[in-house]
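Student: Please construct the entire structure, taking both the sequences and the accompanying hints into account.
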Amino acid sequence: MESTVPVPRRRFINWLLGGTFGALVASVIYPIIRFASPPRIPEATTNQVEAGDVSDPVFSAKGFKIIRFGAEPVILLKASETEFRAFSATCTHLDCIVGYQKDRSQIFCNCHGGTYDLNGRNIAGPPPRPLIAYKVNLIAKGSEPAKIVVSRA
Amino acid sequence: MLERTKSWLDDRLGLSKIIEFGSHKTVPAHRYSVFYYLGGMTLFFFLVQVCTGVLLMLYYRPSANEAFESVEFIMTVVPFGWLIRSIHSWSANLMVFFAVLHMVSVFFLKAYRAPRELTWMSGVALLFLIMGFGFSGYLLPWNQLAFFATKVGTDISGVVPIVGPWMVRFLRGGDRVSGGTLSRFYGWHVALLPAITFLILVVHLALVQVKGMSVPASCEDEAKSRKPMKFFPHFAMRDLSGWIFALGVLAALAALFPWELGEKADLFAPAYENIRPEWYFVFMFQTLKLIPGGEIAGIEYEAIPIMFFGAAGLLLLLIPFLDRGAQRTGRSRGWSIAGVAVLLWALGMTCWGYASLLPLYVVLISALLLGLLAFITRGSRKPEDR
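Heads up: the protein sequence lines correspond to chains A and B, in order.
Take the first sequence: its position 104, counting from 1, is numbered 104 in the working numbering, and each next residue is one higher.
Take the second sequence: its position 48, counting from 1, is numbered 48 in the working numbering, and each next residue is one higher.
Hints were generated in silico from the structure; no laboratory data involved.
Careful: at least some of the hints might be erroneous.
[As the list claims (entries may be wrong)] Lysine-lysine pairs mimicking DSS-like chemistry, simulated, CA-CA at most 30 Å apart:
(1) B:Lys-264 with A:Lys-62
(2) A:Lys-62 with B:Lys-25
(3) B:Lys-211 with A:Lys-102
(4) B:Lys-224 with B:Lys-264
(5) B:Lys-224 with B:Lys-211
(6) B:Lys-227 with B:Lys-211
(7) A:Lys-102 with B:Lys-264
Tutor: This is the structure in C-alpha cells:
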C-alpha cells in the first residue's frame with residue numbers, strides 16, 4: 001500500500017510560493033549587501049621608510065613631523081639633541097592624528113585631549129592604549145647630516 | 001473654458017475633495033498654540049536645503065582630489081556661489097535647531113499620546129535622518145575639520161558588538177577615511193537619505209493631517225471654549241509670514257557670516273587645536289572627552305557612553321509606549337523632570353565644550369522669543385470677545 005502524506009494542496013502551494021518569493025528576495029538582497037561592503041584591497045606592506053635627515057628645520061621649529069608609513073601616519077619627534085623617536089600617529093581613542101607639544105614634552109591629541117608621554121604611554125585623557133612604537137635609526141654618511149630611517153619595531 | 005478645464009481635472013484628480021478637506025482643516029486655539037508652528041518652520045528649512053542642495057550639485061565634485069577645490073570654486077568664482085553654500089550651511093543648522101525645538105515642545109506637551117505614537121516615532125526618525133544629513137554633508141567640503149569629524153564619527157560605530165568592525169569599513173568604504181568615503185557619503189547625502197526622508201516625511205505629515213493637532217491636557221477646556229483657527233487661510237498665512245521672515249534671516253546670516261571653508265584635508269597632519277564637531281554633536285563630544293582610558297570586563301570605557309547614547313536614541317523613539325502616565329491622564333511629571341534634566345545636561349556639556357556661555361544665551365533668547373510670540377498670538381480667552 002502506498003503511504004500518502006496528508007498535506008492540504010493549498011497550504012503546499014502557499015509554502016512553495018512563499019519559499020520561492022523568499023529565495024527571490026534573498027537573491028536580490030545578497031549581492032546588494034556584498035556590493036556595498038567594500039572589498040579588501042591588499043596593501044603593499046611597508047617595513048621601512050626614509051624620513052629625511054636630522055637637519056630638517058621642522059625639528060627645531062615644531063619638534064616633530066608626521067611621515068607616511070605606507071598608508072599609516074607615523075609621528076617622528078626629536079626627543080633630545082641626539083635622540084629621535086617614532087610612534088604610530090593614530091590616537092588609540094577614536095582614530096585622530098596626534099601631534100607633539102614641544103614645550104610640554106608630550107604627545108597630544110587635539111580631538112579629545114588624549115595625552116601620551118615620550119614613550120608613547122597614554123598618561124591622561126581618554127586613550128585606552130599606548131601608541132605603537134617604531135624603530136628609528138640614524139645613518140651617518142661622511143660629513144652629511146645623518147639620515148633618519150623609521151622601521152617597524 | 002477655465003471652468004471646463006477645472007471640471008476636467010477635477011473628474012480625474014478629485015481636487016474638490018482635497019480642497020474640501022483643506023477648507024475644513026482647523027488648528028486648536030489655546031495658550032500653547034504657538035508651538036504648532038515649529039514643525040512647519042523645520043519643513044521650510046528642509047525645502048531650502050533641497051533647493052540649495054540641488055544647486056550646489058551643479059558644481060560640486062565628489063572626489064578627494066577635486067571636492068575641496070570645487071567648493072572653493074563655488075565660494076569664489078560662481079556668481080552667488082557664496083550665498084547658496086552659506087545658506088545651505090546656515091539652513092542646515094537652523095533645521096536641526098528647529099527640529100530639536102519642535103521635538104522638545106511635543107515632548108513636554110505630551111503630544112505623543114495615543115493615537116499619535118507613530119507621528120512621534122516618524123518625527124524622531126526624521127530627526128535621526130537630519131543628523132545623518134548633517135554628518136554626511138559635513139565631509140563633503142573635504143577640509144581638515146570634515147576629515148577628523150568623519151574619522152571620529154565612523155570609528156565610534158566600531159564599538160557596536162559583533163557588527164562594529166564591519167560597520168566601520170562599510171561607512172568608510174575601506175579601512176580608512178579616504179576618497180572612497182567621500183563617494184559614499186555623497187551618495188547617501190544626495191540620494192539615499194533624501195529618498196528615505198521624503199517617504200517618512202510624507203507619512204509624518206499625513207499622520208498630522210489624519211489625526212489632527214494634539215491638544216495638551218492642561219489646555220483641553222480652553223481649546224473647547226475657543227473657536228479653532230481655520231488652517232486656510234489664517235494658520236497658513238501665519239506660517240508663510242514666518243517662512244518669509246526665516247528667509248530674510250538666512251540671507252542676512254549668509255551675507256554677514258559666510259560659511260568658512262577651512263583648509264584642505266591632509267591625511268598626514270595632526271588634528272588642529274580646538275577642533276570640535278557641529279554644535280548639535282558637542283554635548284556627546286564633550287562627554288566622550290571626560291571618559292578616561294581603561295577597560296572593564298573587556299569593554300573599553302569609551303564604549304560605555306557610546307552605547308549609552310545608542311540606548312538613549314532607542315528610548316527616545318519608544319517614549320510613547322514607556323510613558324504610561326501620559327497615556328492615561330495626559331500628564332507625566334516624572335518624564336517631564338527627566339526631560340529637563342537631559343536638556344540641562346546637554347546644555348551644560350555644550351557650554352563646557354565651547355568653554356563659553358553662548359549656548360546658554362541662545363537657549364534663553366529663543367525661549368524669550370517663543371514666549372513673546374506666544375503672548376502676541378495668545379488671542380482672547382473669552383468666547384464672547386470673538
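Student: So, for every hint listed, does it hold in this structure?
Tutor: Against the structure, the hints:
no.	hint	result
1	B:Lys-264 with A:Lys-62	21 Å, holds
2	A:Lys-62 with B:Lys-25	67 Å, violated
3	B:Lys-211 with A:Lys-102	64 Å, violated
4	B:Lys-224 with B:Lys-264	59 Å, violated
5	B:Lys-224 with B:Lys-211	17 Å, holds
6	B:Lys-227 with B:Lys-211	19 Å, holds
7	A:Lys-102 with B:Lys-264	25 Å, holds
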